[in-house]
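Novice: Given next are the chains, with one letter for each unit.
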Amino acid sequence: MSIFVDDTTKVVYQGLTGSQGRFYGRLNREYGTQVVAGTNPKKAGTDVDGIPVFANVAEAVEATGANASCVFIPAPGVKDAVIDAAAGGVEFIVVITEGVPMHDEAWFFNELRRDYPNVRLLGPNCPGIISPGLCNIGITAGHIAKAGGPVGIVSRSGTLTYQALYELAQQDIGVTTCVGIGGDPVPGTSFIDCLEAFEADPDTKAVMMIGEIGGSAEEEAADYIKAEMSKPVVAYIAGVTAPPGKKMGHAGAIVSGGKGTAQAKMDALRDAGAKVGLNPTAAGALMVDVVAQL
Amino acid sequence: MDLFEYQGKQLFAGYGIPVSPGGAAETVDEAVAVADRIGYPVVVKAQVHVGGRGKAGGIQLAADVDECRRHAAAILGMTIKGHVVGLVWIEQASDIAREYYASFTLDRSAKTHLGLLSAQGGIDIEEVAATSPDAIARIHVDPVEGLTPARCEAWVDEARLDPEARADTVEILHQLWRCYEEADADLVEVNPLILTTDGVVRALDAKVTLDGNAVFRHPDYQEYEETQPRDAREQEAFHKGLQYVGLDGTVGVIANGAGLAMSTVDVVNEVGGQPANFLDIGGGANADVMAGALEVINHDPKVHAILINIFGGITKGEEVATGIVQALERVTIESPIVIRLDGTNADQGRAILQPHLSDRLRLEPTMLDAARTAVQLAGKAG
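These protein sequences, in sequence, are chains A and B.
Residues in the first sequence are numbered consecutively from 31, following this note's numbering.
Residues in the second sequence are numbered consecutively from 93, following this note's numbering.
Everything labelled a hint here was simulated from the structure, so no lab data went into it.
Virtual Cβ for every residue (Gly too), placed ideally from N, Cα, C.
Take the hints with a grain of salt, since some may be wrong.
[Said to hold, decoys possible] PhoX-like cross-link-like pairs, simulated, lysine-lysine; straight-line CA separation at most 20 angstroms:
#1 A:K261 / A:K235
#2 B:K203 / A:K109
#3 A:K235 / A:K256
#4 A:K176 / B:K408
#5 B:K203 / A:K289
[To be verified] If the Cβ cut is set under 7 angstroms, some of the chain B residues that face chain A in the computed set are:
#6 T197
#7 H232
#8 D234
#9 E281
#10 N305
#11 L352
#12 V363
#13 G364
#14 G405
#15 T436
#16 Q440
#17 I444
[Said to hold, decoys possible] Just the calculated beta-carbon pair ranges, DEER-fashion:
#18 A:Q50 / B:R309: 17 to 23 angstroms
#19 B:R270 / A:G95: 39 to 45 angstroms
#20 A:T76 / B:G304: 33 to 39 angstroms
#21 A:K72 / B:G364: 33 to 39 angstroms
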């Protein structure tokens, strides 16, 4: 089993005709993902390696039955692309694009929450999602992951996610689904969304969570773990020794109220019963112990 | 991108927010010329990207030309929390009756915008927030809905400002909201927002952080990019388009991906070393980017060892290794280098590096081993 995607997921690539969209669209298809369509209003009716291109997501959905989209559109066009996808009828939108303005993200997150409450957004600025052996949407190198279970991964960082997948595979530990939620200020899918889904997924028996300094998403996840999770969680937080980031005026200090440092996040997670590794290797070793005891 | 106060005030003025007349000056003579033009008394204000200017003596009232000359001379060149003052803002002095506080920023937890308004503004606003949170009126603004007139008025009422300030403040908050949204700001903060003895409300300070991701909509922001405070290393990295943050240690760090770079800095510390920098070369790790990164680190005189930590994903190990070898042919490196290369086709990559290995170029199997070796080499050299 997996969360959010599986081998029945049919994906339309918005921006399939661009260099990034073409490159990763092909790679995802080679991995086994059902890449059923692309969009580009100027190239409707053409195809990329046999993948048909439509003017918009609605037409792609009608013709192919796509139920997810993956956005490789450059940052200025992402706001429109997300709404095109939601209005076009997909249930899951993965935005890989980095550099999306904060006000755009905040706007389309709330627009989806209001008018398309059943649509799940992942990203922006994320590596995507992979259920090893079933579906890979985005830029994760699929072959580094071992399929199966029992571990689910949720991460704010791209390369650290790959590192985690790789270390688990080296130990012969499989992964149900690995979700890269991205490091932007308004992530469409949060740690808590993923923890909730992993808690409900019968094949996921333990969760690896990779966080970073800044914001309070990890602290909120810790509250959730403490209150709701029965499955063991191993966590790693990057940025323990990062210099204090620039302070966002007094407003930032008033809003954060002492949260946001790696230490605060690790303390909150330990207090919630999670095992916290001081570096990625240590976290991997902790997960090996957890899996051995399942 | 953080703006200087004077840049923030110019931005505010463009949205109709009232600010005091003034001008920026880089020299004492320029400061006096501005003061003569706008009329005394004036306030001489240090332009730096940190708070606490007032407490550090960076804000002074000048009653006449002699005082203006004296204060400008003292403030220009002053160091405030490590920032050297290169510019002062001269503005007409205000007769302050009351000091308020107003701001808009993103509430990352609620995933909506958050406005803060207080009748107790001024230098101790964080203290107010900690000791009497009720003194700060908060409003969550849905980005789709925007700040509606009715909610804005209710917000101002909740903050219990002086009655004569109410109408002006409501209008200013609408303008401030429009500035926050249309100018793509991550933060707009006015502290203090003053009520003058004449009953006028005005922004006496401006703290603005703009979103660097929105520059495509605001080509004029390029100017702000150029004036961000950077040390020599950061300036070089900026012009090479690298994600670089200078630190104080002796181990130069190069990694691909922000998370891995941050993690590498952590591990160097964990094994007893001091990182000289954070440098993320992105996913690709090709020869050009690698050479640029090595050049920046090479110019840092404190660096005594370099740690390259690459995890290959889509980019294969052999491509990364070839990039490193090519970069080393182009740049003469002063310090020994330790490489950790893992991930996709790491074995092929390591095989490419093998013939080039020496005391000055080492390969280690794990991130921890590589960090230990780099720290040891840096210690010997230091």
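Novice: Each hint needs a verdict: does it hold in this structure or not?
Specialist: Going through the hints against the structure:
1. A:K261 / A:K235: Given pair K261 of chain A, K235 of chain A holds - Cα atoms ~6 angstroms apart, limit 20 angstroms.
2. B:K203 / A:K109: Holds: K203 of chain B and K109 of chain A sit about 16 angstroms apart, inside 20 angstroms.
3. A:K235 / A:K256: holds, 16 angstroms
4. A:K176 / B:K408: holds, 18 angstroms
5. B:K203 / A:K289: Between K203 of chain B and K289 of chain A the Cα gap is close to 16 angstroms, so the pair holds against 20 angstroms.
6. T197: Status holds, d = 4 angstroms.
7. H232: violated, 11 angstroms
8. D234: holds, 6 angstroms
9. E281: With a closest approach of 4 angstroms, the E281 of chain B hint holds.
10. N305: Nearest chain A Cβ about 5 angstroms off; hint holds.
11. L352: holds, 4 angstroms
12. V363: violated, 10 angstroms
13. G364: violated, 12 angstroms
14. G405: holds, 4 angstroms
15. T436: This interface hint holds because 5 angstroms falls under the 7 angstroms limit.
16. Q440: For Q440 of chain B, the interface hint is violated, since the closest Cβ of chain A sits about 14 angstroms away, which is over 7 angstroms.
17. I444: violated, 19 angstroms
18. A:Q50 / B:R309: 17 to 23 angstroms: holds, 22 angstroms
19. B:R270 / A:G95: 39 to 45 angstroms: This hint holds: roughly 43 angstroms between Cβ atoms.
20. A:T76 / B:G304: 33 to 39 angstroms: holds, 35 angstroms
21. A:K72 / B:G364: 33 to 39 angstroms: Violated: the Cβ-Cβ distance is about 57 angstroms, outside 33 to 39 angstroms.
When the structure is compared with the earlier hints, violations turn up for hints 7, 12, 13, 16, 17 and 21 and for no others.
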